[in-house]
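Trainee: Each chain is listed here by its residues.
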Amino acid sequence: MTAPFYKFGFFNDEVSLIIAFVIGLFFGFVLERGGFGSGRMLAAQFYFTDMRVFKVMFTAIVTAMIGLFYLAWFGFLDLSLVYYGDTYLLPQALGGLILGIGFVIGGYCPGTSGVAIATGKIDAIFYALGGFFGIFVFGEMFPAIKDFFYSTHMGKVNLPQFFDVSYGFVLSVVILIAIAGFTLVEWGEKVVAKKRSEGK
Amino acid sequence: MFKFKEWFTHHLEDNVREGELTPYHYTNPYLIGLLLGIVLLATFVIMGRGLGASGALSTVVAVGVDTVSPSTVENNDFYKGYLGDGTQSPFKDWLVFEVIGLVVGGFISGAIAGRNKLIVEKGPRFTNKKRFLFAFIGGTLMGFGAKMARGCTSGQGLTGGAALSLGGWAFMLMVFAGAYATAYFVRRQWI
Chain A
741 MTAPFYKFGF FNDEVSLIIA FVIGLFFGFV LERGGFGSGR MLAAQFYFTD MRVFKVMFTA
801 IVTAMIGLFY LAWFGFLDLS LVYYGDTYLL PQALGGLILG IGFVIGGYCP GTSGVAIATG
861 KIDAIFYALG GFFGIFVFGE MFPAIKDFFY STHMGKVNLP QFFDVSYGFV LSVVILIAIA
921 GFTLVEWGEK VVAKKRSEGK
Chain B
2 MFKFKEWFTH HLEDNVREGE LTPYHYTNPY LIGLLLGIVL LATFVIMGRG LGASGALSTV
62 VAVGVDTVSP STVENNDFYK GYLGDGTQSP FKDWLVFEVI GLVVGGFISG AIAGRNKLIV
122 EKGPRFTNKK RFLFAFIGGT LMGFGAKMAR GCTSGQGLTG GAALSLGGWA FMLMVFAGAY
182 ATAYFVRRQW I
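Protein chains in written order, with the numbering used here: chain A, 741 to 940; chain B, 2 to 192.
Derived by calculation from the structure, the hints in this document are not laboratory data.
Here the structure is a predicted model, which is why all the values come from computation and not from measurement.
Some hints could be false.
Said to hold, decoys possible - Capping the alpha-carbon separation at 25 Å, the derived lysine-lysine pairs in DSS-like fashion look like this:
no., chain 1, residue 1, chain 2, residue 2
1, B, Lys118, B, Lys130
2, B, Lys93, B, Lys81
3, B, Lys131, B, Lys118
4, A, Lys747, B, Lys93
5, A, Lys886, A, Lys747
6, B, Lys81, A, Lys896
7, B, Lys81, A, Lys886
8, A, Lys896, A, Lys886
Sequences and hints are given; from them, build the entire structure.
Mentor: As structure tokens, then:
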């Protein structure tokens, strides 16, 4: 086991901040290349005219998921040292719902709004200001909604543990769903494109 | 097939119509997904954590509130979580640096492609003023929702998704559910 490098003390906190900046550079670059700096391109997902949000997110998840699995399997990466948040099922589901509504009204999500501002989208500035305001509202309301925020705590739990099946099984299911999903959206995009051209 | 030179050049001449960027101007989404997945995987391998975005915004808000009203922060675990132990600046934070990189990376990509220009992203039947109002409302909901969910599309969706986190997957399904359920009502803004 040699990875995660940071957790094995290969470099200190100061260096980790430089790495954060470099990773952010790649993150922003790739998002912009994919059209994620454009609110219209992102919103198109929800009108079935361009499904790139689904394609990009699902491909990215599958890629990183397979990578994690094999790196752990080869004994290179200690999966137990990879941090991800605990599950608080209800607040996370409700938060997702609210964020989803905000996504289609606002046109961005937090990361993509950064790329949008960088490439000159004026509406994204208003979106980010709203983002600060929403976090402020949450912070001010926090004492009142604290109980709900900490409810349905299930610990650091992943899908294999929750459904009591092997990691490889969940991996296979997600890959199959991804392939089925990609096939479906490729077909759907063609149907919608045909309908739109006929309507004009 | 992916051609290295096109990656940098083919956008330039096509991108002439103001505000009319079509999918053609952008790189193949599956290739982008693969690259994004590699960036995410590299983050896991190097740092033992995933990508994020909304956390950096929260740091800014928490510092702002702490500056204006330190007593509010004193009794609020949410704000305190972003201010650290006081031994160093709250901005010396991994996510803050990552998001600064994200903005710079986005700018570099847009500059290379000739896409950096001041425009308002909206459909042809919508006014700028209304678009700004909607953007603000959407942003507010996003900020609130991301904090309720303990992360956004990056932190919960991508990172939690790839780590097969139960909460991450529940979050993501609900994001798509919420967006699709609302899309019809704001269609004039986009199409």
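Trainee: Which numbered conditions among the earlier hints are violated in the structure presented, ordered from lowest to highest?
Mentor: Violated: hint 5 alone.
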